[in-house]
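Spelled out from the first residue to the last, the chains are:
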Amino acid sequence: MSVLRRLLRDRSALLGLVIIAVLVLAAVFASPLATFPQDVSTYHVANRLLPPGSTFWFGTDRMGGDIYSRLLFGARLTIVIAVVATSLSVLIGVPVGLVAGYYTNRISDLLMRVSDVFLAVPQIVLAIAIAQTLGPAIQNVILALSVTYWPFWARLVYAETRSLRNEVFIEAAVALGASPARVMVLHVLPSIASSLIVRTTIGMGGAILVAAALGFLGLGPPPPTPEWGRMIAESRAFLPQAWWYATAPGMAILLVVMGFNLLGDGLRDALDPRLRRGGNER
Amino acid sequence: MRLLAMIVRRCLWMPPTLLGLVLIVFAVSHVIPSDPARVMAGENATPDQVAALRQQFGLDQPLPAQFVHYVADVVTGNMGTSLFTQRPVAEDLWARLPATFELALYAIVLAVVAGVPLGVVAALRRNSLLDHAVRIVTVAGLAMAAFWLAILLQLLFSMWLDWTPVQGRIDGWGPDPITGFYTLDALLRGDWATLGQALRYLALPVLTLALPAMATIVRFTRAGVLNVMSSNFVFYQTAMGIPRRRVVWKYILRSALIGTLTQIGLIFGNLIAGAVVVETVFDWPGLGGFAVNSIVHSDYNAVMGFTLFVGVVFIAVNLLVDIAQAMLDPRGLDPRGR
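Sequences listed follow chains A and B, in order.
The opening position of the first sequence corresponds to residue 1 in my numbering, with each subsequent residue numbered one higher.
The opening position of the second sequence corresponds to residue 1 in my numbering, with each subsequent residue numbered one higher.
Calculated directly from the structure, the hints in this document are not laboratory data.
Note that the coordinates shown come from a computational prediction; the quantities given were computed from them, not determined experimentally.
Just so you know, even glycine gets a beta-carbon here, dropped at the ideal spot from N, CA and C.
Worth double-checking, as some hints may not be accurate.
Stated by the list, open to error - Residues of chain B placed beyond 12 Å of chain A at every Cβ, according to the derived structure:
1) Thr-46
2) Leu-59
3) Asp-73
4) Val-74
5) Gly-77
6) Pro-88
7) Val-109
As the list claims (entries may be wrong) - To be clear about the criterion: a stretch of chain B counts as covered by chain A if any three or more of its residues have a C-beta under 8 Å from a C-beta of chain A, and this derived list gives those stretches:
8) 18–26
9) 137–143
10) 154–167
11) 268–277
12) 291–297
13) 306–314
Bound conformation, chain A alone (with noise of 0.2 Å):
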């Protein structure tokens, strides 16, 4: 298949794709890989804020846990939220974007509206203000991500289907005498799905770092969950001297989210070769 080949010889989008397999490995694998798995739910206390070394890898966090294992558990926690909330953002925005692009209706203009109006703010200050009322949990990070996500997918979708709206298969299809719900599923969907993939590859990463900045500000799940933007709030009342204990979360976050970034970027370039790297870059 010439995309997946084009995506392989795209040096950096492999790179993307190498960092995401590792992660959902780390994240499948958790268990067996982690070399004190047991220490994602208890406390040993003799060996809090131990630096890296040949026992604890990344070091130990302050409740004598060892980072490198909490962070593969971690891990499947950020796979879960990220998966969840884009797959829920894109299930809601997708219809709502095709509908209100298809349509050229009072209720199209309404759908429109109503998405400006999560627009209208950063999506971080909506997503906190409900994380913050509904208390701190996976689901409701996931939910507060979801509710304040899917705007982005419907605004993408609207804009592609408006512009196919007016095309000759499009009109061929309407005369041949197809369901306005089968042009629009299999005709625009298929159209537009390449851009859909590429903004939701890249829709992972921003996922990632807005749940990793509700559990920075302590709106994520509860300790002791693993969470890896909690980690790094946890790090701060032992700076300068813990180093360590900040650096292996937040590299895990600075790597996993420009996976996705790369993959995107790669993706974009090996579904439409008319836009070259540096070319058409959007």
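Position chain B relative to chain A; hints supplied.
Quick look at chain B alone, frame taken from chain A:
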């Protein structure tokens, strides 16, 4: 005319959008049970005291009535009283505005001053070592959690090197306000010591906020320059013997920056979002830190005030960007005025 139609249309849509925004935040903070009156009264309050507070703030009325009251008050400029600071929300927001504005202004200036030349040079020397280095910095800058970068900078510059303060905005009270910008006020009063101090406090939060903004600017400037470089008018100008330097920094840059300009709305949104987190880490007395504090304390009047305020600013900035873009490049204007 089409431009005017767009402006009018967008301005007309602003009130309903803001109303919707208030409705969302209102629903979020009121429908889900949490009792601000109890929080405010403290743990030792008698039920009577809680009831009195509830009545004082109108919390005993049905939700739709509370909403209508709130909107009616906001229209007359009254955003209610903060449950936490016990002061009018508008006053609290106003008092904290200069701190955030000063921070954001320096960040955006730094991002533009560093980002535009880097983007141009990276495009001119495409695939050179410099281009790759710039690319790595941009990719990392967009993927880094702002709070982590903030902590790393604190660790390096404040704790190890001891060059800058860890957090805060100034020692003591700061210069007597003229503009509310500490650096500008110190400058106007000729107080060099305070100016130096204010700048040292500013350095790290500004750097943290500027990096992602700079990364975005570099990306779009580089893409824009590459796009324009292959166009006919550049070919023509080069053939006419116009010096390369002038072609690049005058003609190419002017066309290339249109693409960057459209991203200012995005960058601005990121700055506000970044300020929420960065101000918390640096204990910066601005709007972002205020918002986080209000949310944590269930201070819903303050939360709604902040959201509304950010909404107004955000919509206005996006409108201005669209107007500027439409004036620079009228081709993209929708005939229906959107």
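Against the structure, the hints come out as follows:
At roughly 26 Å from the closest C-beta of chain A, the C-beta of Thr-46/B stays outside 12 Å, upholding its exclusion from the interface. A cut-off of 12 Å between C-beta atoms confirms that Leu-59/B is not in contact with chain A; the least separation is 15 Å. With a cut of 12 Å on Cβ distances, Asp-73/B stays outside the contact zone with chain A, its closest approach being about 20 Å. Residue placement check: Val-74/B keeps its beta carbon more than 12 Å from all beta carbons of chain A (closest about 15 Å).
Against chain A, the non-interface label of Gly-77/B holds: every CB pair exceeds 12 Å, the least being about 20 Å. With a least CB separation of 21 Å from chain A, Pro-88/B remains clear of the 12 Å interface cut-off, as annotated. Separation of Val-109/B from chain A is adequate, the least Cβ-Cβ distance of about 20 Å exceeding the 12 Å criterion. Closer than 8 Å: that is the beta-carbon criterion, and the region 18–26 of chain B has 5 residues meeting it against chain A, so the requirement of 3 holds.
Here's how the region 137–143 of chain B fares: 4 of its residues keep a CB closer than 8 Å to some CB of chain A, so the rule of at least three is met and the hint holds. Counting residues of the region 154–167 of chain B whose CB lies closer than 8 Å to any CB of chain A gives 4, which reaches the minimum of 3, so the coverage claim holds. Counting residues of the region 268–277 of chain B whose C-beta sits closer than 8 Å to any C-beta of chain A gives 6, which meets the bar of three, so the coverage hint holds. A stretch counts as covered by a chain when three or more of its residues have a beta carbon under 8 Å from one of that chain; for the region 291–297 of chain B and chain A the count is 4, and the coverage holds.
Closer than 8 Å: that is the beta-carbon criterion, and the region 306–314 of chain B has 5 residues meeting it against chain A, so the requirement of 3 holds.
The structure agrees with every numbered hint stated previously.
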